[in-house]
Amino acid sequence: SAVISQKPSRDICQRGTSLTIQCQVDSQVTMMFWYRQQPGQSLTLIATANQGSEATYESGFVIDKFPISRPNLTFSTLTVSNMSPEDSSIYLCSAKRYRDRGTRTDTQYFGPGTRLTVL
Amino acid sequence: TQLLEQSPQFLSIQEGENLTVYCNSSSVFSSLQWYRQEPGEGPVLLVTVVTGGEVKKLKRLTFQFGDARKDSSLHITAAQPGDTGLYLCAGIQGGSEKLVFGKGTKLTVNP
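Going down the list, the sequences are from chains E and G. For the first sequence, position 118 matches number 118 in my numbering, and the numbering has no gaps at all. My numbering runs 1000 ahead of the 1-based position in the second sequence.
Isolated chain G, as found in the complex (with noise of 0.2 Å):
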């Protein structure tokens, strides 16, 4: 059983157009980290929310942590295609050091 449910796995849009990835879980985390990794590199830390309701915004990124801290959105305006990668949404469990990550949605933004 995976912890923390990832949809969609795969993303195919067109330039300019917007995006929502969403992170979910039954279980509460302390912190919620989103990643963007791409081919040949290793995961790249975008962010970490760690209070319910928290929204944080990198550019044209918006990041939401759940009321509940039980799950997460990643929404993207406008899409470009240096968006383009695998992004992987891991959370940390109260009391764990161990960060538990999703499957990963792979996102390809086409010009």
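In isolation and in its complexed conformation, chain E is listed as follows (with noise of 0.2 Å):
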């Protein structure tokens, strides 16, 4: 399986500040994706990190607010920027391999995500 780590793990921020929150993974992948789970619920994808280009982001979510990078095929940002007490979530960084040995199908894998607490 991939190992995927994340830094910070958590956080407590004031309201109008920003927060990057990185995530590395120890293999290569090949989708990173970048996720947001509020207290008691679902997670909900924010973007698709892309290696190189503009990250692809989901109805909702704007890249003022969650810009991302991913400079290379094992690392990505997510900056939370002009945080609000509702940007209180946990943020989880995922990643897809490519049919891992003997399956069928890609496997995404989570990292242990990053809790941020606005105040």
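Since the hints were derived computationally from the structure, they do not count as laboratory data. A portion of the hints provided could be inaccurate.
In silico DSS-like cross-links for lysine-lysine, where the CA-CA straight-line distance does not exceed 25 Å [unchecked claim]:
#, chain 1, residue 1, chain 2, residue 2
1, E, 96, G, 1098
2, G, 1098, G, 1059
3, E, 96, G, 1103
Join the two chains into one complex using the hints; note that each chain is given alone, in its own frame.
Structure representation (structure tokens):
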């Protein structure tokens, strides 16, 4: 399985500031994604991080609020900009690896998440 | 509208009991995954099913993919406190690279 690490694991931030979350994968993966999980809720896809080009955002998420970078195959960052208390959530990095040995499908793995609290 | 409907949303049972969690949709999925998530951690993949009618077993967990590839179930036999967690089903529709999640089932197994 792919090992995904995220930094920071948690943070408490003031309204109006920005936080950048880093995601590192231990092996080359085909795709990387960023999800948000609000307390007690399921996962919502924010965007697909594309290597060397602009991320592809889902409905309701925009680049100005959630700028994303992916400079290479194993690293990506998500910035939560101009934060408000409504941005308090867990942010999860995910990576898909093509056809793990012995499987017929791509396998998608998740990082441990970054728990963000905005005051 | 939720593409994947999971039920029940909450389940609290005693150790040793059996349970089934359902994941239903009106859409066809090329594959469906089940994840388990514990507090403070990311989801961990349990299984992927790709063929209609497929059944996979993982120790006391049995996963089934519906014949029409629109639904799936997770059955746990003789549940243990260590099974406590949030169980998420997620699917990929043909031609898409994006994983769509159900709302999850929060399972509590009491000793």
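Tested hints:
{"no.": "1", "hint": "E:96 x G:1098", "result": "10 Å, holds"}
{"no.": "2", "hint": "G:1098 x G:1059", "result": "29 Å, violated"}
{"no.": "3", "hint": "E:96 x G:1103", "result": "21 Å, holds"}
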